[in-house]
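Residues per chain are reported as follows:
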Amino acid sequence: MSLIPLSAMVRKDLQLFFSDRRSVIVSFVVPIAIASFFGSIFSGPNRSSEPAKIAVAIIDQDSSPISTGIVAGMQADKNFKVTTPAEAEARDAVRRGGLAAAVIIPKGFGDAAGNAFFGDGAKPPLNVIFDPSRSTEKAMVSGIMTQHVMESVSKQMFGGAQGRAMVERTLPQIQGAQMPDDEKRALINMLSSVQQFYNRQPSGGGQAAGTRQGITMPYTVHEEAMTAGSNIAYNGYAHSFGGMAIQFLLFAMANIGIEMLLERQRGLWKRLRSAPVSRFTLLTGKMVSGAVISLMILLVCFGFAMAVFGVRIQGSVLGFLGIAVASAVMASTFGLLVAALGNSPATARGITTLAVLMMVMLGGAWVPAFIFPAWLQQFTLAVPVRWAVDGLDAMTWRGIGLRGAIAPVAVLFGFAAAFSAIAASRFRWEEA
Amino acid sequence: MLHVNHLRKTFGKLVAVDDVSFTVDRGQLVGLLGPNGAGKTTTVSMIAALVTPEKGEVLVGGARLAGDTDPKKRKIGLVPQDLALYDELSARANLRFFGALYGLSGAALDKAIGATMDLVGLADRLTDLVKTYSGGMKRRLNLAAGLLHDPDILLLDEPTVGVDPQSRNAIFENLELLKSRGKALLYTTHYMEEVERLADRIVVVDHGRVIADDTLAGLQSRVAVAGERATLESVFLTLTGRSLRD
Chain U
1 MSLIPLSAMV
11 RKDLQLFFSD
21 RRSVIVSFVV
31 PIAIASFFGS
41 IFSGPNRSSE
51 PAKIAVAIID
61 QDSSPISTGI
71 VAGMQADKNF
81 KVTTPAEAEA
91 RDAVRRGGLA
101 AAVIIPKGFG
111 DAAGNAFFGD
121 GAKPPLNVIF
131 DPSRSTEKAM
141 VSGIMTQHVM
151 ESVSKQMFGG
161 AQGRAMVERT
171 LPQIQGAQMP
181 DDEKRALINM
191 LSSVQQFYNR
201 QPSGGGQAAG
211 TRQGITMPYT
221 VHEEAMTAGS
231 NIAYNGYAHS
241 FGGMAIQFLL
251 FAMANIGIEM
261 LLERQRGLWK
271 RLRSAPVSRF
281 TLLTGKMVSG
291 AVISLMILLV
301 CFGFAMAVFG
311 VRIQGSVLGF
321 LGIAVASAVM
331 ASTFGLLVAA
341 LGNSPATARG
351 ITTLAVLMMV
361 MLGGAWVPAF
371 IFPAWLQQFT
381 LAVPVRWAVD
391 GLDAMTWRGI
401 GLRGAIAPVA
411 VLFGFAAAFS
421 AIAASRFRWE
431 EA
Chain G
1 MLHVNHLRKT
11 FGKLVAVDDV
21 SFTVDRGQLV
31 GLLGPNGAGK
41 TTTVSMIAAL
51 VTPEKGEVLV
61 GGARLAGDTD
71 PKKRKIGLVP
81 QDLALYDELS
91 ARANLRFFGA
101 LYGLSGAALD
111 KAIGATMDLV
121 GLADRLTDLV
131 KTYSGGMKRR
141 LNLAAGLLHD
151 PDILLLDEPT
161 VGVDPQSRNA
171 IFENLELLKS
181 RGKALLYTTH
191 YMEEVERLAD
201 RIVVVDHGRV
211 IADDTLAGLQ
221 SRVAVAGERA
231 TLESVFLTLT
241 GRSLRD
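Chains as they are written, first to last, in our numbering: chain U, 1 to 432; chain G, 1 to 246.
So here's chain G without its partners, still in its complex pose (with noise of 0.2 Å):
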């Protein structure tokens, strides 16, 4: 569903992404993992089309993706690090707001905003305003956000930063669904554990260059020790090493 083939971006003598290619195929989940500044935020930029690549393509769909108003990028949804929101208006404003965006009107989008809000668990709180949310909401309301024109492919960005386990379940409950939807899912994140349970493969990333891309027990069997199972932490650091990147 998603090829990125050889995508490169410099800003200015940094090398922020080099040479990096996966693919992510529907009903599937892809953990992108990497130390800080391994270039997974300029990667995932460059599939959502906020950033233009150097070199490289993204396919979608097995099409190329290019220029800002091309139609292909209906079928790309984003759900960026940041709490995307405006916390002055409602919920139903949010979703109305982005759903028009991408040419969503009338009662197709009131229909997309229930169905979206029902799957993250916010249908009773459509009319409150976003800052009267906890974290968490803020959370599966910014995740709602990147669903609601129903994209094939969601692009993932540290979506479970700041929330309570009650929240990061609820969310993950949300993606195990969506994936059974056949959604093709690329995930970001520091947590090991988040992949380890929700990852079907894991791209690890470093220095902008792509340094493993397996499932968890290929990864596991690479830094095996005495016949025990490594953990994906133990793994991440026997690949990127255990030097501070900030």
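If we strip away everything but chain U, and leave its shape as in the complex, we get (with noise of 0.2 Å):
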């Protein structure tokens, strides 16, 4: 194989492509667009920042000491941003977008939850309204709710005055109530024992009535994220700006391959075809001009990503690199398959738009593939791309060594081979 027409079209195809200030725009700066944006919301909360609060709204329409100490609860939680809007305002915010939901509390919940706190009254509703787009949102809200609820409740009940008024209101209706001996017995035992634990109380030193206690969450939660160290936060920009760069580059060899088919319809295939130069060299020209594209458009993305948003290899250099060289190889090899089994410009550019998308979407590069269904990440797993960006994660963020590169980058030169087998095998080479 000559090296004078290879170099000499590897240099022609990086000359057509850098003419081209579109396509230049597309490859290297709408990918950082994109992945800073991605990587915004994916991020989450730095270590100086508050975290994103849920909009929602509670209506009072108990006004009891439980209801009000629902509400305290609520309003002191740092994961909400509480209001109290009317009963038609709060619906119309929730149907509006403005809120992820709304609780309603009834009246008399105070004294009916009371009532089912110690015997079997009838549990009173707690009214959920809620955005149906932002079911997680929801979830969040009812299962914070239940923590403020029962701490609300068993303060009462242990302590409070609404908790006092019951059980003096309870126990004379016991003496006259028609059940078995002991059970009564029990039942007043058991209140009077908690009416004793009120008398106990001292009504200024000591603990005060007001700062008393009731059930709460028996244990605290150690959270620690596991990344590539200790002291090193998670960045969510490694993975927007690995999956970003991935799809555009993509993108960008795609548009190679349809390039190819505008040199067939132009004539310029027969000039090729008519020189001495093997298919060989002509498919390996296009292959090299396109990988060494691929690789300038991902080193750029992340060599941004480094400088402004403080990414960092925190594997293997030399596995990112593999991997950033076994992916550029790879997407040059898919601008090759289109090239080859395209018909036409205009139809191969619908087509691998298409197939482009689905693969990004199958391979983790807009939202990590481990939220995907077990049996959706298994069938991923013959999607390139995931390969690519799971390798590039463990490069970066994750700190995998050397060692978890060699996977992503034999089985992306494996993609490579085949998508190149199949171009040579089914490239038109005769130019009538």
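Hints in this document: simulated from the structure, not taken from any laboratory. Glycine included, every Cβ here is placed at the ideal spot set by N, Cα and C. Among the clues, some could well be false.
Claimed, not checked - Here are some chain G residues pointing at chain U (derived, C-beta under 10 Å):
#: 1; residue: L50
#: 2; residue: K73
#: 3; residue: I76
#: 4; residue: L78
#: 5; residue: L83
#: 6; residue: L85
#: 7; residue: A93
#: 8; residue: R96
#: 9; residue: L101
#: 10; residue: L122
#: 11; residue: L126
Unchecked claim - Restraint ranges, calculated between C-beta atoms of paired labels, are given here:
#: 12; chain 1: U; residue 1: L357; chain 2: G; residue 2: G106; range: 44 to 52 Å
#: 13; chain 1: G; residue 1: R242; chain 2: U; residue 2: W429; range: 34 to 42 Å
#: 14; chain 1: U; residue 1: A421; chain 2: G; residue 2: G106; range: 47 to 55 Å
#: 15; chain 1: G; residue 1: R197; chain 2: U; residue 2: E430; range: 54 to 62 Å
#: 16; chain 1: G; residue 1: G106; chain 2: U; residue 2: L299; range: 47 to 55 Å
#: 17; chain 1: G; residue 1: G106; chain 2: U; residue 2: R428; range: 29 to 37 Å
#: 18; chain 1: G; residue 1: S134; chain 2: U; residue 2: A410; range: 48 to 56 Å
Using the hints, build the complex out of the two chains.
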């Protein structure tokens, strides 16, 4: 294989690529812009910033000590931004998407909840109105609400005025109630003990009644993010830049494949084929130029992410470069596949756009693959983008060593070999 | 210099070229004429090794042309019907690329670029982007790209389509100069007056077969009417008929 035609093909393709300002912008600027946006979403709060709060409304129609306690608990919760509008206003805000949910505490809730807490009284409803497109936030509201309701009800029942009143009201009723004597005796003993407990609490000194706690969570959670190291925070930009770079280098290479079809239409392949240059050299030249452009896109994107967003290669630098090169070669051979299988530039453009979007979506370039159902996670192992994105994740924020790059590199080169073989066998070499 | 022997090519059931044979000697321009779909471009494509013939052979300087990397391909220059140029690149970048495909590089390539651009009268536009060229200038640059590696045989597939009379005349002068330098030229066209002016011999093909191979005078004598010399167009219509072929 002569190097003069090969290097000339690479140089020519690079000149053509950089002469097209639109291609350059789409290939370099757009992925950086989109990755920055996605990175800001998926990075989560950093150490100095507050987490995004869920907007919730509470409509307290009860105004009992228990309901007031629930509202106070929700307002103090760092997860929520609580407002207390009228019910109609809250419903309208949820419908319009301004609120994730609205909680209505109906009249009589406090008394009914107290009765249900100790006895077999009917459990009062707590109405939650929610935006169906934000079911995850609704689940959070319901879960955390449970904690605040339990705290408020138990606090009142074990020392609040509402609890005392309920015990004092219930004891005489039990005396005259129709129930077996042993059960009646046990219930009276229990409530009498509760009453004695109330009476032992000093009205002034010691633990003030107002600060007495009800039932609280009997544990605390220590969270530890498994990143590259104990002092290294997860950087969502690493994933978003890897994903977007892979997406746009695939688009760039698909475009090179389409350009090859246009070159055929314009008779340029007649010139190429009439020259004493082998088919292998022609395809290799295209593959090398595509790989060089792909590698530039990938490295420029990550260079930006490193300089601006502090993304670091926490794993193996050699592994990162290996995956970058393997991804570039895979994308480049994908371009050859487009040129080989495409009938015309117009049809190829539509089909390849769909193919690239499917590959990047299934490959976890937009959102990490771990959120997929289990069967889909297995299926996407057949998508080269999955290996590229997971490999880049492993070498950046996960901090995996060189060993972690071996499988992605091998699989990506395997895809490249398969794409090349199909392209070479299906390429239309005759120029009638 | 160029011997085409019994070439045959089919596309499915269509017989595009069937037993086509002719020769082109040094310093000779052979006009290849035929209606649309007659098999001219397929014949040129087989000579340029763009299409593999099912039967027959192409001899260049007496040796059979075989394989993609056959060095004898350097003796052939192709000027395709399409403007096979990269519009976004300069003329120099185009020619550097096409020259490199034939193994030219460095000073030899620069010298070849200078000589061909002088020949086609575009030396002063060497660094301009091709997209800024007029149609006629692109045609001349298309010719230059085929001449760059100094081939002995030049295949010209309708090289004057869509050019103004001035550019066409300039191309004719280039071809006459090349002929005088001993190049063998095969020229396909639909313009009869071009062949009348340039061709030493004329090969007429129709339905994939050679139906005439003669000098202009020889062809004219075949259809002479009342002692008057027939035009090439009337000869052509007599040989190929008047039915539409599109």
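How the hints compare with the structure:
no.	hint	in the structure
1	L50	holds, 4 Å
2	K73	holds, 4 Å
3	I76	holds, 7 Å
4	L78	holds, 4 Å
5	L83	holds, 7 Å
6	L85	holds, 8 Å
7	A93	holds, 6 Å
8	R96	holds, 7 Å
9	L101	holds, 4 Å
10	L122	violated, 18 Å
11	L126	violated, 16 Å
12	L357(U) - G106(G): 44 to 52 Å	holds, 45 Å
13	R242(G) - W429(U): 34 to 42 Å	holds, 38 Å
14	A421(U) - G106(G): 47 to 55 Å	violated, 36 Å
15	R197(G) - E430(U): 54 to 62 Å	violated, 33 Å
16	G106(G) - L299(U): 47 to 55 Å	violated, 31 Å
17	G106(G) - R428(U): 29 to 37 Å	holds, 34 Å
18	S134(G) - A410(U): 48 to 56 Å	holds, 54 Å
Against the hints set out earlier in the document, violations occur for numbers 10, 11, 14, 15 and 16.
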